[in-house]
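Asker: Chain by chain, the residues run as shown.
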Amino acid sequence: MKHSHLQSGSGVNLAMLRDSIRKQLLDRISNVEGLSKALVIEKGLISILGSVAEFSALKERGIERMFPLEDGPLPAQCPQQIIYLIRPRAHLIPWLAKQIRAQSQSNPGHYEHHIFFTPRMTMICERALKNEGVYGNCMLGEFHLHLVPLDSDLMSMELPTSFNDINLYGDNTSLFFAAHGVMQLQQLFGVIPRITGKGEAAKHVASMLLQMRKEQSEPLTVSPQMDSIILLDRASDLITPLCSQLTYEGLIDELFGINNNLIELPQNIAPLQPNGKPVKVELNSGDKLFSEIRDMNFSQVGVLLSTRARNLSKEYDERHSAKTVSQIKQFTSKLKRLQEEQASLRMHTDIAGDIMLTARDESFMGCLETEQNFLLGEGTDKSCEHIESCICRKDPLFKVLRLVCLQSIVNGGLKHKIFDFYRREILQTYGFEHLLTLTNLEKAGLFKLQDARSNYSSVKKNLKLIVEEEESDNDISNVYSGYAPLSIRLVQHFSKPGGYRAIEEILRLLPGPHFEYKQETVAKPKAEDANSRRPTTLVFFLGGCTFAEVSALRWLTRTTGHEYTIATTNMVNGRTMLEGLVHKLS
Amino acid sequence: LDIIEAFEDKSVDGRIQTLKKAARNFTNAREYTFQAKATEEQAALLTAQKILEKRYPGEEFMNLPLGDSLYRIILAGDQDQANKLRKDFKVPDKRFWWIKVKALADANNFSELERF
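Top to bottom, those sequences are chains A and B. Take 1 as the starting number for the first sequence in the numbering used here and just add one per residue. Take 1 as the starting number for the second sequence in the numbering used here and just add one per residue.
Treat the hints loosely; a few may be bogus.
Pairs of lysine to aspartate or glutamate, EDC-like flavour, derived with a Cα cap of 16 Å [said to hold, decoys possible]:
no. : chain 1 : residue 1 : chain 2 : residue 2
1   : A       : K417      : B       : E31
2   : B       : K37       : A       : E433
3   : B       : K102      : A       : E579
4   : B       : K94       : A       : E385
5   : A       : K336      : A       : E315
6   : A       : K417      : A       : E388
7   : A       : K399      : A       : E388
8   : B       : K90       : A       : D420
9   : A       : K417      : A       : D381
10  : A       : K443      : A       : D171
11  : A       : K584      : A       : E433
12  : B       : K37       : A       : D420
13  : A       : K98       : A       : E132
14  : A       : K443      : B       : D68
15  : A       : K448      : B       : E31
16  : A       : K280      : A       : D350
17  : A       : K334      : A       : E318
18  : A       : K443      : A       : E315
19  : A       : K496      : A       : E516
20  : B       : K94       : A       : E388
21  : A       : K394      : B       : D68
22  : A       : K461      : A       : E505
Just so you know, the hints here were simulated from the structure itself, not pulled from any lab data.
Extracted from the complex, chain A is given alone in its bound form (with noise of 0.2 Å):
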C-alpha cells in the first residue's frame, strides 16, 4: 500500500504520524504472547486501521483471524488469543463481557482475553467491566490513536459525535482525547510556542494542554516544527457548516458522505460488485487529477476536466505519429501514466457528471439561494416561503433544519411568532416524535428564540464575510461562492503578527471566550531551519470541520508565507451535524 498521499513538501510530515502510529499498533499486538491471535474489532474502526497498518502486517504478527465486534458469539473456531480494539463506549461493554463469560465457560482456561482501547480507556469503561464481572478476567491497554492523518495536510480523530457530545450531553472526552492528540504532535514536532484559540471547547483544550506539559518529566527536546496552534471551537461557528459547500470534494461529502477518505459510488455511476456491494473508491492526493479539483469551486471543475480530456487524447494520439524504434519505447514508457490518468479522468467526469444533475436541480438551486439570502441578511426576520413549500413538500427533514436553523443564528434567534410557527410546521408535517430534535437544536444553540438583537451584520462587515463574485475568486470566499467561511477568517487575523487584538471588539460578539497562551521552548529551531521555513500553524477544529474550510486553508497556504495543517474531531457537513440531533424513534 502505498502511502505518498501523506507526504508533502512542505510544512510537517505526517507520513512520521503514521509510521509511529503503526508502529505503536504492531508492538502492542507483538507483545500479545501466543502464535494464534484473533483481532475483534469495532466496526466503525476497521477503514481507520486499514489506513494505518496493511493485514499483512498484522498477519505477521500472529493475527489469523479478524471480526468485527457483534453482539453475539465468536465462531467456535477461534484461536487462542483475543485481542479486543474498541473505543471507550460503554455500550459496547456488555457485548464483548457475553463473548469472555460464553468462551470460558465452554472451554475453561483456554482462551486468553485482551482489550486494547483506543485512544484511552475510561473510567466508565472500566467500571463497566466489573459491572459485568470480567474485569479481572482480561488484560487491559490502551492503544493512542488519537489523530488519523488523512492527508498531507489533514488529520481526524474520527470521532462522529463529538459536537453533540460536548454541546448536547456536556461530555468533554473528546476534548480530553483532542489535548492527547496536541501532546502526541508535540512529541513529535516539538512544543509549539504559541496557542490561541476561540470558544468554550478551546479554552478547555488550551488549559489541559498546559496541565499535561506541566506534568511531563522530561522536557521535549526535539526542535519546534510548528510555531503556533489555533485552537477552534465549531459551536464559536455554527454558520459555517449550515451552508452548502460548493467545493468539488465538499459536494462528494454532502452528496455521496465521505469517510475516512472513501466513498461508495451511488450505482448509476458504477455498478454493484458481485457480493453486491457498492464500489469504494479512495480519495486523497496521491491521486494527482483529485488534488487538483478537489478544492476549486465546482463551477470551474468542468472546464479542467474537459481540458484535460483532450489533453490526454493528444498524448494518446502520439502513438500515431511515433515512427521510430526509439519514439515507440518513448511512447510505451509513458502508456502506464497515461492509462492510470484516463482512468481518474473517467471516474471524476463521471462523479463530476452525478454532481451536475443534483446541482441543477430546482430544490437545490431553491435552497442555495434562500442560504445566500440568509447570509447577505435579507428576509431573516420573517418566515421564509421557500422553507415554507420545503416542509408542504414534505422534504428531507435535515434539509429543512438546516435552513431554519442557519436563519436562527445569522437572526440571533427567532422571533415568537415564526419560531413557533416552524416548530409546529415541521411536528405536524413530520412527526410529534421530532418535539426533542428540536429541543436537542435548541440545547446546542442552532434553533432558538431571539434573546438579544443580532450581531451578525456587524461581524458579516467587520470580518468581510461576503464577497462580490468577481474578487471572490482571489479569496478564501471562493469555496462558498461568495461567503468566506467565518472560522478561516479568524484564523487569517490570528495568523497575523498581532494575533487577534485588532478584532477583539468582534470576538467578543462571537460565542466563547478566546486567548493566547505561550508556552516554553528548550529545543531551539534549528539554524537551517528558521530561515528557510515558513511559519506553520495548526488549525485544530473542535466539534468537526467540513471539506470546504480544508480548501480554503490550502488556499490560504499556496497564497500566503503561511503553512497550516489542519486537525479536526471529525469531518462534518450540515447533513451529518443534524443527523445526531435528529430524534430516532425506537
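Fit chain B to the given chain A structure using the hints.
Answerer: Below, chain B without anything else, positioned relative to chain A:
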C-alpha cells in the same frame, strides 16, 4: 422532559394518558407553553387516529404525522373528514392545499382536482 421518553412504547390508550400527563407538566413549567400545546395536540391526534382506524379497517393511521394522515384520508376520498381534521388542528391553507393536490393526483381523482 424525561416524561416524553415514557410514552414511546405503551399501548395506544396508555400513550394518550401519558401524553396528557406530560402536557399538564409542561403547563406547570411556564417556559414550555409550546411543548404543552404540542403534546396536547398529539394526544388529540392519537384519539382521532383511533377513530379513523375503525372507520377504515385495514388502513393504518396510528402514529403517523398529521400531514400523512390527511394525505391518506384524501386518498381514500373522504373530503369532509379531511376538512374536519384540518379545522381541528388548524393546518395552514398553503400546506393543506399541497397535501390535497398531491393526494388527489395520486388517487387519479381528477374531477375533485378540477373543482379547485
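Asker: Are the hints correct? Go through all of them and say.
Answerer: Evaluation of the provided hints:
For the given pair, A/K417 sits about 15 Å from B/E31 by alpha-carbon distance, which is consistent with the 16 Å threshold. Under the criterion of a C-alpha separation no larger than 16 Å, the hint pairing B/K37 with A/E433 is consistent with the structure, at around 14 Å. For the proposed pair B/K102 and A/E579, the alpha carbon gap of about 27 Å is over 16 Å, so the pair is violated. Taking the CA atoms of B/K94 and A/E385, the gap is about 10 Å. The hint holds against a cut of 16 Å.
Restraint check for A/K336 and A/E315: the C-alpha separation of about 12 Å stays at or below 16 Å, so the hint holds. The suggested pairing of A/K417 with A/E388 holds, with an alpha-carbon distance near 14 Å, which does not exceed 16 Å. Annotation: proposed proximity of A/K399 to A/E388 holds, straight-line Cα distance about 12 Å (limit 16 Å). Of the supplied pair hints, the one linking B/K90 and A/D420 holds, its CA atoms being roughly 13 Å apart against a limit of 16 Å.
Between A/K417 and A/D381, the direct Cα distance comes to roughly 10 Å. Compliance with the 16 Å bound is thereby established for this hinted pair. Between A/K443 and A/D171 the CA atoms are separated by roughly 14 Å; this keeps the pair inside 16 Å, and the hint holds. For the hint pairing A/K584 with A/E433, the CA-to-CA distance comes to about 8 Å; that is within 16 Å, so the pair holds. With a C-alpha separation of about 11 Å, the suggested pair B/K37 and A/D420 falls inside the 16 Å cut-off, and the hint holds.
The hinted pair formed by A/K98 and A/E132 meets the criterion: a straight-line CA distance of about 9 Å does not exceed 16 Å. Between A/K443 and B/D68, the direct Cα distance comes to roughly 28 Å. Violation of the 16 Å bound is thereby established for this hinted pair. For the suggested pair A/K448 and B/E31, the alpha carbons sit about 13 Å apart, so the restraint of at most 16 Å is met. With a C-alpha separation of about 14 Å, the suggested pair A/K280 and A/D350 falls inside the 16 Å cut-off, and the hint holds.
A C-alpha spacing of about 11 Å is found between A/K334 and A/E318, which places the hinted pair at or below 16 Å, so the restraint holds. Pair hint A/K443 plus A/E315 does not hold up; C-alpha atoms about 58 Å apart against a cutoff of 16 Å. Of the pairs offered as hints, the one joining A/K496 and A/E516 holds, with about 13 Å between alpha carbons and a cut-off of 16 Å not exceeded. Between the alpha carbons of B/K94 and A/E388 the distance comes to roughly 9 Å, so the proposed pair stays at or under 16 Å and holds.
The suggested pairing of A/K394 with B/D68 holds, with an alpha-carbon distance near 10 Å, which does not exceed 16 Å. A distance of roughly 13 Å separates the Cα atoms of A/K461 and A/E505; the hinted pair therefore holds under the 16 Å criterion.
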